[in-house]
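There are 4 protein chains.
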Amino acid sequence: MNEWTSSVSCQAEDTILIRGYAIEDIIGRLSYTEALFLTLRGELPGEKECRMLDAALCSILDYAKGPAPVTARIVVSANPQIGAALAAGILAQGAHAVSPQDAGSLLESLAQRLRDGSSISTVAREAVAEALDAKRRLPGMGHPSAMKADPRADMLRHVATDTGYWKDRCRLMEALQREYATATSRQLVINVDGMLGAVLGDMGFSAPEMAAIAAISMLPGIAANAVEEMRAGSRIRMVRDMEYRGPSRRKVPKKDQRD
Amino acid sequence: MNEWTSSVSCQAEDTILIRGYAIEDIIGRLSYTEALFLTLRGELPGEKECRMLDAALCSILDYAKGPAPVTARIVVSANPQIGAALAAGILAQGAHAVSPQDAGSLLESLAQRLRDGSSISTVAREAVAEALDAKRRLPGMGHPSAMKADPRADMLRHVATDTGYWKDRCRLMEALQREYATATSRQLVINVDGMLGAVLGDMGFSAPEMAAIAAISMLPGIAANAVEEMRAGSRIRMVRDMEYRGPSRRKVPKKDQRD
Amino acid sequence: MNEWTSSVSCQAEDTILIRGYAIEDIIGRLSYTEALFLTLRGELPGEKECRMLDAALCSILDYAKGPAPVTARIVVSANPQIGAALAAGILAQGAHAVSPQDAGSLLESLAQRLRDGSSISTVAREAVAEALDAKRRLPGMGHPSAMKADPRADMLRHVATDTGYWKDRCRLMEALQREYATATSRQLVINVDGMLGAVLGDMGFSAPEMAAIAAISMLPGIAANAVEEMRAGSRIRMVRDMEYRGPSRRKVPKKDQRD
Amino acid sequence: MNEWTSSVSCQAEDTILIRGYAIEDIIGRLSYTEALFLTLRGELPGEKECRMLDAALCSILDYAKGPAPVTARIVVSANPQIGAALAAGILAQGAHAVSPQDAGSLLESLAQRLRDGSSISTVAREAVAEALDAKRRLPGMGHPSAMKADPRADMLRHVATDTGYWKDRCRLMEALQREYATATSRQLVINVDGMLGAVLGDMGFSAPEMAAIAAISMLPGIAANAVEEMRAGSRIRMVRDMEYRGPSRRKVPKKDQRD
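Chains as they are written, first to last, in the numbering used here: chain A, 1 to 259; chain B, 1 to 259; chain C, 1 to 259; chain D, 1 to 259.
Please note that a few of the clues may not be correct.
[What the hints assert, rightly or not] Derived Cβ-Cβ restraints for the label pairs, each shown as a range: (1) 122(B) <-> 109(D): 31 to 41 Å; (2) 136(A) <-> 161(D): 33 to 43 Å; (3) 258(B) <-> 162(D): 11 to 21 Å; (4) 183(D) <-> 257(A): 41 to 51 Å; (5) 108(C) <-> 148(B): 39 to 49 Å; (6) 42(C) <-> 186(D): 32 to 42 Å; (7) 233(A) <-> 185(D): 22 to 32 Å; (8) 14(C) <-> 143(A): 44 to 54 Å; (9) 115(D) <-> 258(B): 26 to 36 Å.
Just so you know, these hints were derived from the structure itself, not from any lab.
This structure is a prediction, so every number in the text was calculated from the model and none was measured.
C-beta atoms are modelled at their ideal positions from N, C-alpha and C, and glycine is treated no differently.
Produce the complete structure using the sequences and hints provided.
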């Protein structure tokens, strides 16, 4: 467990090899998206994989009033270090906002059931029943903030169909939506998290890789918001309308009167 | 100071606008690199800008035994959350490792002197003299770890020449190297930080934007290392050969014997 | 959901109130431990609560070769910013290392079963059976790295007995250890995480509060290691014996030969 | 440079030594504040040092609408992980908010001039003149948000006088305030950052150690705000009144019409 090993990169004869390719053969020849695929997965992507990954990486560029970019703005207003802002922005993503890995993990376990011989609709019906039973929210569904549909999910579906990545997990995601509507009479949209979890899963990405791709997709917005705030020279951003609900002013009791 | 404003994105009629473009027009049509340029700078890049930015984004993909990927590995071995690993990996970049913004800031101030009428060699000579005088290290130069040249810098130069981004800051960087050699008889290479600072500066990126681009360039490696470590099931990575140099075992004195 | 409220602090008549107490009445009068208890819980601690919390806060001060301090050292060697090192050190704590909240959450749910009328040994026996059944590790037990006992856990137990905080969750933790030994014939120690989860739970702290207390307990070590590394002037800490297990050097294929 | 060494802690005979003291001798016997002093500085504090450090650690417990606690609230609303919130809250401290290390570094360099034989008022007069000349803000002075005085600074001064830590750096800080008023006719208060930088400096803490102490002082508030937000079940905190100032909706041009 304690030996350090890496199959990602190494130094060799005055260059760095990334998955076996010399860095000087990569720079100027691969796009960032191809290089990301290579570094994560170990092999170069085909053209269609690259188009699909580009679509995924463009799907959550920014949502200016959302947690991650606002966090980045506040951080630089107190601590004018761009790295601190990017790190904090990434930490402002998780189970409640931007987590394709949650849908991805569910779809992974359901895909296993498909391989065991069940049909897509059976698997989806069971999964919906299990979630309702356990009062567990189904990940990847639900109207995003104030929008009636999720155009990001729709375009991802379009590109997935076009590139041949509309496969089992994508169909399972749609079946989950359908079975949920049947079981509850509530029609939820598949949101961008759900669609990313499905499509990236069908491309062979694992749940942690999905989370990394989502973070990279958010970084342009996180960076742009932080840079804009630094340029504006903001100092110490506050929330002005913070309402206080604690006790009113009181005196510190003497030590022997505290218990 | 305290009103919240953003010129990066907004919500409009059931979609999200990134710098005015609907997200569904971006997904599937722009590459990540184009979308990053748009989000940071406000306008779409031309083809050459895109090639140059792709080269920059591919230039520091991974260096497996370096601070950022090792940090990511240690973090997930204790806290198996990919977001924590990415954030910590980003924090492991700065003044001593991966900071094109330092060369970029110096070149920005020197470019100002060019605009004031001095020649490139004069400005470079003065800058080297000032640094030597103040015993300040010149950023962007120096042999990277155990390598005699920096092939990443060389390829960036090649792409910059090809795309027309070999401009004033790039020439200043080379002049700094030359004048440093003349002044000290020490021949230092321009390293990847220096070349990124020069090229990105000549593309119009500010110092904080350079830092963000460098962080995004490192993320494939940070993510790949973290994912590999999670997959291996590492738990609690330690440094085995930590040598202790503190006091040997002693007794805690009674309170009244402490001062 | 979107109104901002706080019951922790507010500004009032040229001072700041912490849970109703003016900051100038706190400074110089309360210890940090008392102030921490007040800020987290809303009321001042009694003397015994304070002693118990001090013991908890002293229980994981440092483990120099462990994930958090090593992360802090690597981060400052690349990015000499103490805040970045502290943040990264905190991120290097979680499910696999330093997580009293995991034992705390389990004990919380088991304490609920006690309140429903079961005995401590019954609840513990069931919990062990459930964990073994689900092949789930029981949190808070197991030999810490290379140690045959956990003196930190032993001292916490001692202080808890002394201050009256050896209550239901503590007894449950011991019963889990006992029942695990009976079920598996394996004798595991209760480690510092388990004991913290039990004691802090019996003091009324919630699982997220336990995680915060553990992080505060680690910060002296994280800070001391980072400061020592900065003082030594380390630059770019590497892992020297990183073994490469990826593909050997190869050429990037032409674009049309990639799929 | 690359050997790992620590003088903070080590493992020895089934225990952990912190600066030579066995952890089981620390737990239950030292307060957290004593243990923090020991871990950072290598020796146990005297009673007065401990009182002074306690005062410092209580001085910036929370400011509920400020950057660090708001950051922590936003982060957990998206990513319900307390460690992520604590780390992000720490990153929301720096040059513009909570940075005793800036005043501390200035006072350190001025204290050097005292040792070279100048008087406190001369050194302060020169430092003010240099700052005004360079249009540089003097750290540690200035009215804190909406307050006419800084009661935290006043109480720190009181405790410092009481414990014998009102020494050269403290006197220098006051002289800076006085000389600034003389030079500019503007009366600025010494704020909590300035007083912390002075007092902690007179206690022998280095600038990075001051930053760590400030971060630890903020953590009760950061943690309490994060916990309150988690308990309230907040999801995806947004800034509702974010005003958009970017371009209005426009169409993505075809690739050949972009340059």
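Hints, verified against the model:
1. The beta-carbon spacing between residue 122(B) and residue 109(D), approximately 33 Å, falls within the hinted interval of 31 to 41 Å.
2. Judged by the Cβ atoms, the range 33 to 43 Å given for residue 136(A) and residue 161(D) is violated: they are separated by roughly 59 Å.
3. Roughly 19 Å separates the CB atoms of residue 258(B) and residue 162(D), a value that falls within the hinted 11 to 21 Å.
4. At roughly 49 Å, the beta carbons of residue 183(D) and residue 257(A) sit within the given window of 41 to 51 Å.
5. Here the CB-CB span from residue 108(C) to residue 148(B) is close to 59 Å, at odds with the stated 39 to 49 Å.
6. With their beta carbons about 40 Å apart, residue 42(C) and residue 186(D) fall inside the hinted range of 32 to 42 Å.
7. Distance hint for residue 233(A) and residue 185(D): a CB-CB separation of about 25 Å, consistent with the stated range 22 to 32 Å.
8. Between residue 14(C) and residue 143(A) the beta carbons are some 46 Å apart, a value that agrees with the proposed interval 44 to 54 Å.
9. Range check, residue 115(D) to residue 258(B): Cβ separation about 29 Å, and the 26 to 36 Å hint holds.
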